[in-house]
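Q: Sequence:
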Amino acid sequence: MITWSSSAPELPPLSVAFGHGQHRRVLDLPLIVWLAVIWVLLWGTFSWATLITGLLVAVVLCLAFPLPPADLGLRLHPWGVLRLVAYLLWDMWVSGIRVTKQIFVDHPHRAAVLAIPLRCRSELMLTATAVANSNIPGGSVIELRRATATLFVHVLDADRPEALETARRSVWRTEELTVRAFGSREEIARVSADPRQQQEDAT
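The UniProt record's numbering puts the first residue of the sequence shown at 1, with every later residue one more than the last.
By construction, these hints were calculated from the structure, which means they are not laboratory data. Check each hint, because a few of them may be wrong.
What the hints assert, rightly or not - Under the rule of at most 20 Å between Cα atoms (straight-line distance), these lysine to aspartate or glutamate pairs were calculated in the EDC-like manner:
1. 101 with 162
2. 101 with 159
3. 101 with 91
Build out the structure end to end from the sequences listed, making use of the hints.
A: Have a look at this one:
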């Protein structure tokens, strides 16, 4: 038996339940999509075969290692997912060209670690943002400090102020798109605010 639920209290939103009793299995669709996105990011290249394989692997993992019914705060916004994937593919391509130019054309620049405060607060969205940013060339993630919601990113050309500002904007843009793809309403409202204004309010 298959049960579709979008608001039932005993099931997470957007979930499918198979069977009854001890043999019951719940597939959390947003979780499956997110696991498939991570699979594609780990491969580093997008293809329909990689995406389909990621979905199948995610389903098998959820069936083999079932989680208790719980609302993890993960939501699925299809338009947001498409925007996130398109942005990551574009940013990986542009950043790859930029890093190649820095290596073979430009003179070596001074590298540094940049601390960038994030706006989201849930551990799930913080981790998702860190994973998304770790796949962009030239901006490797060094550390995610959950206590202060701060992402530490390695920047290649830290001697250029405009490069530092570009790195900050890139991380904040990735954070916003990630939350708009998988976050709750509260998290989406939080990332809609100006990050610099939030920093001033916090201080």
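Q: Assess, step by step, whether the Cα of residue 101 is no farther than 20 Å from the Cα of residue 159, and give holds or violated.
A: Roughly 16 Å separates the two Cα atoms, so the pair holds.
Q: Checking one constraint from the list: CA of residue 101 to CA of residue 162, max 20 Å. Satisfied?
A: Within the cut-off at roughly 17 Å; holds.
Q: Is the Cα-Cα distance between residue 101 and residue 91 20 Å or less?
A: OK: residue 101 and residue 91 at ~15 Å, within 20 Å.
Consistency note: the structure conflicts with none of the earlier hints.
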